[in-house]
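A.B. asks: Listed in order, the protein sequences are those of chains A and B.
Using the working numbering, read the first sequence as starting at 1 and increasing by one per residue.
Using the working numbering, read the second sequence as starting at 1 and increasing by one per residue.
If you're looking for bench data, these hints aren't it; they were derived computationally from the structure.
Certain hints may be false.
As the list claims (entries may be wrong) - Okay, the calculated bits of chain A under chain B, using three or more residues with CB under 8 Å as the criterion:
(1) 172 to 179
(2) 194 to 203
(3) 336 to 347
(4) 355 to 364
Note that the coordinates shown come from a computational prediction; the quantities given were computed from them, not determined experimentally.
Cβ coordinates follow ideal geometry from the N, Cα and C atoms, glycine included.
Residue-level listing of the chains:
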Amino acid sequence: MSDTLWSRVLRRWQDTALYRSIVRTPPVDSPRGRAQRSFGNVFLHLYPVRVPRRLLDFRSTFRLGYIATVLFVVLLVTGTYLMFFYTPAVSMAYGDMERLRTLVGFGQLIRNVHRWSGHLMVLVVVLHMARVFWDGAYKAPRQFNWVVGVGLLIITLAYSFTGYLLPWDQLAYWAVTVGSDLVHYIPVIGGWARDVLLGGSTIGQSALLRFYVMHVAVLTAFFGVLFSVHVWRVRKDGFAPGTLKDSRRGASARASAGADARASAPTIARGATRRIRLLGVVEASPETAHTRTPDDEVFAWPHLLVRHQVAALATLVVVIAMGIAFDAPLRDHANANLTPEPAKAPWYFVGIQELLAHFDPVAAGVLAPTALLVLLAALPYVDRDDTYKPGDRKLVVSLVALAGATALVLTVIGAFFRGPGWAFVLPWQHLYFEP
Amino acid sequence: MSPTRREALETGWTIGSGLLAAAATWTTYEALAPLASVEGRGRLPLSPPDAYADGSVTFVREGHLYVTRVKGELFALSQKCPHLGCRVPFCDGSARFECPCHGSVFNLAGEHMHGPSPRGMDRHPLVIEDGRVMVDVATIIEGPSLGPRQFDTPSPGASCLDAPKAG
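Hey, can you work out the whole structure from these sequences and the hints?
C.D. replies: See below:
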């Protein structure tokens, strides 16, 4: 069965000193060998050697953090491609967009995939936060990683917002005019901060170049650092107990639902000889000890990796299908003298814009979003007790749900129910929304 | 007692790092602060004052501003809405400045009538020199605060906003 020509050639190649110098492959027929494979490979090493079995269930994390990462990689690749065809100059940017649409092979598709992946990433990051919140996975010792995550959320929004201006069409120009003008409501430093952000008091060449450099270089540097810290801490802190087992699965359901996972992913047997070389000195009772019960663990490679591979492929299929089905909008060339009706901020800021129509600008445009971010970052330090189940932390769950619902309602009203002059318009009469 | 060598070096390193951080911050700020030349181009000479009849509105494209005359007074109004920076067009029908973004409405003198704007339209100082109106484009005077208006004129017709009175 295994003695085809191909397998013999493969084995010969794997026996060469050259191959073994590139890929260190201890035999995988023992737990020790499997562990060594993970330790000896920089990519596999991003994963813990063993993960809790419940992670194999899609519903444990919905793979949201992983999908956000995949989207980020898609954005890096498509973004690099776009950089070959784009000049951040007022006189050229819009023409470059048209050339991309009409002349460059697959240019429109690449741009579509970039844009939809960007929007999707904002959405997925928010959902990821919601899942982590629901599971109480921000509790000790993972508080700081939640704060890092809030930082990544801010960077994701900044990515999307700076990218929004680059096509230099009417949509870009006015969405960013409205969005960046919020900055000047910050007390004392507002006007100055806006001028530094835009390189002037209005959006022009300096603003376009600044947004471009932020979008491709500055934010990427910050994202790289925070992302590394984020993943490294997930890897080191282990996974929170999760709520899936307790809240969704009875003992009997577990037996049947877990059956196939069990068959394909044998548990590391209790009492099996596991001699693993010393990797570090562990304290007698590490903070994360309660999450490390070897009986209910499986090897991350291949069991979790296969599932991640499926999630990655599904994500790719979705964004490419979206890119084929829907074109990224490109309106007329930006015109500083012609305000379109209405001028809306990008959808994730449109809730603030809605708030601005009702309240004092400093309160609605500055205090409310700042308070939201500060409270979000402070959440693990406010909600400190050691309970994970949502049912046991009804107060904090209701408060956060209330805040989330408010933001959602404001965003939906601003995005779909507002027309020229910010008047109330029913979306099925006329939809003033462009992503 | 004089510090040990270790203490002296530690102090030196701390002060040095602090200076370096301050220098980096200053450099970054100086580099990123907007250039003066990017901002307004100083003073803009316009027509003689008699050219602006009472109740007229003249758009000056070079300065992104309107020159209006109401009840004898001349105003140079910035086209930029104080709310969120949209350009405010003039509506002939209602003889009002009506912002299409969020429905702020201003009278001919730029005084706030309704809508979400926190104040009236911003103004530029103007003087009459050698028989011509000179507008200082580089200087912006914040528009009049909300409250009683001095320069209301009757509105001859309908608003240009599709659905008036939003927000």
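A.B. asks: Tell me, in ascending order, the numbers of any earlier hints that this structure violates.
C.D. replies: none
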